[in-house]
Amino acid sequence: MTGSTFRFAPSPNGELHLGHALSVLLNSDLAKAGDDRLLLRIEDIDLTRCTPEYEAGIHEDLRWLGIGWEEPVRRQSEHFEDYAQALARLIEEELVYPAFMSRGEIRAFIAGQDKAGRDWPRDPDGAPLYPGLDKSLGTAERQRRIGDGQPFAWRLDVAAALARLDLSPGRPLEWREYDDDDLGRFRTVAADPSAWGDVILARREIPTSYHLSVIVDDALQGVTHVVRGRDLYHATAIQRLLQELLGLPAPAYRHHRLILDAEGRKLSKTLGHTGLAALRADGKTPGDIRRLVGL
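Once you know that position 182 of the sequence shown is 182 in this note's numbering, the rest is easy, because the numbers rise by one and skip nothing.
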């Protein structure tokens with residue numbers, strides 16, 4: 001693993017909790033073990049929810065845990081042009097389309113399908129797939145709607161994207177998934193982006209998306225190993241598709257176990273009793289945090 005680059009990439013839209021602690025400690029431990037790089041990335045594309053106060057809290061919590069990282073820190077809100085260039089390439093290659101259906105229209109369409117006895121497909125997170133009715137619009141009609149100021153989002157045409165890759169049994173879409181307990185072992189996972197339907201890559205109010213920005217950042221920063229929670233395991237399929245479309249390198253992945261609350265739910269930033277700042281104020285030490293997350 002010599003020459004590897006790891007990264008911890010929180011969003012400053014709440015306080016770090018024990019789940020974040022597990023992730024950053026794993027990344028830090030792995031980087032130290034191989035004398036490798038550890039980067040800190042601030043994923044703040046949602047300018048309405050991310051705040052400087054939460055970002056300052058992230059830095060404070062990480063320093064208290066004894067985490068060190070390379071400077072400068074990449075802040076996504078300062079690099080929208082990088083994501084715009086990637087999106088422009090996909091637009092030029094006709095692999096994305098402007099999607100005009102509102103949330104209400106989507107709900108009404110799917111309700112009609114369900115009422116007719118047709119179970120509408122859902123993505124791995126349980127959200128209904130986008131109907132994709134806009135894909136049949138002609139260029140002139142799309143331009144008219146955009147010119148009239150009608151709200152829209154850029155969605156990835158997953159079927160067109162997969163066709164463009166010309167995948168075959170000898171050239172499947174997949175990723176390397178390292179063993180949760182032994183980074184010397186990995187397995188190959190088949191990626192199924194179609195399970196997500198036509199995901200959003202950019203909105204009017206947010207000119208990029210998690211999927212698009214994360215693969216651009218990982219490539220630009222030379223990230224070789226992505227160590228993150230198991231809740232993002234299935235999302236890797238969409239990210240692998242985008243990496244292939246844009247000719248970007250694919251890191252190796254490790255999706256670690258999640259820290260759950262007493263009811264078996266994934267921890268949330270709204271659950272203050274698991275927040276690192278609250279635990280620190282309660283007298284917990286960095287060593288206590290390691291024990292609480294099972295390290």
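Warning: the hint list may mix true and false statements.
Below, in silico cross-link-like pairs of lysine-lysine (DSS-like), each with a Cα-Cα straight-line distance of 25 Å or less [unchecked claim]: (1) K284 <-> K266; (2) K115 <-> K135; (3) K284 <-> K32.
What follows is a set of in silico ranges between Cβ atoms, one per label pair, in the way DEER data are often shown [unchecked claim]: (4) A33 <-> Q221: 35 to 41 Å; (5) F109 <-> G68: 49 to 55 Å; (6) G294 <-> F109: 28 to 34 Å; (7) F109 <-> D35: 50 to 56 Å; (8) P151 <-> G112: 18 to 24 Å; (9) V73 <-> D148: 38 to 44 Å; (10) K135 <-> A88: 16 to 22 Å; (11) R122 <-> E53: 53 to 59 Å; (12) G138 <-> G68: 53 to 59 Å.
Bear in mind the hints are in silico, worked out from the structure with no lab data behind them.
The C-beta atom is built at its ideal place from N, Cα and C for all residues, glycine as well.
These are the hints, each one checked on the structure:
{"no.": "1", "hint": "K284 <-> K266", "result": "holds (22 Å)"}
{"no.": "2", "hint": "K115 <-> K135", "result": "holds (24 Å)"}
{"no.": "3", "hint": "K284 <-> K32", "result": "holds (24 Å)"}
{"no.": "4", "hint": "A33 <-> Q221: 35 to 41 Å", "result": "violated (20 Å)"}
{"no.": "5", "hint": "F109 <-> G68: 49 to 55 Å", "result": "holds (50 Å)"}
{"no.": "6", "hint": "G294 <-> F109: 28 to 34 Å", "result": "violated (44 Å)"}
{"no.": "7", "hint": "F109 <-> D35: 50 to 56 Å", "result": "holds (54 Å)"}
{"no.": "8", "hint": "P151 <-> G112: 18 to 24 Å", "result": "holds (22 Å)"}
{"no.": "9", "hint": "V73 <-> D148: 38 to 44 Å", "result": "holds (40 Å)"}
{"no.": "10", "hint": "K135 <-> A88: 16 to 22 Å", "result": "holds (19 Å)"}
{"no.": "11", "hint": "R122 <-> E53: 53 to 59 Å", "result": "violated (36 Å)"}
{"no.": "12", "hint": "G138 <-> G68: 53 to 59 Å", "result": "holds (55 Å)"}
Checked against the numbered hints above, the structure violates hints 4, 6, 11; every other hint is satisfied.
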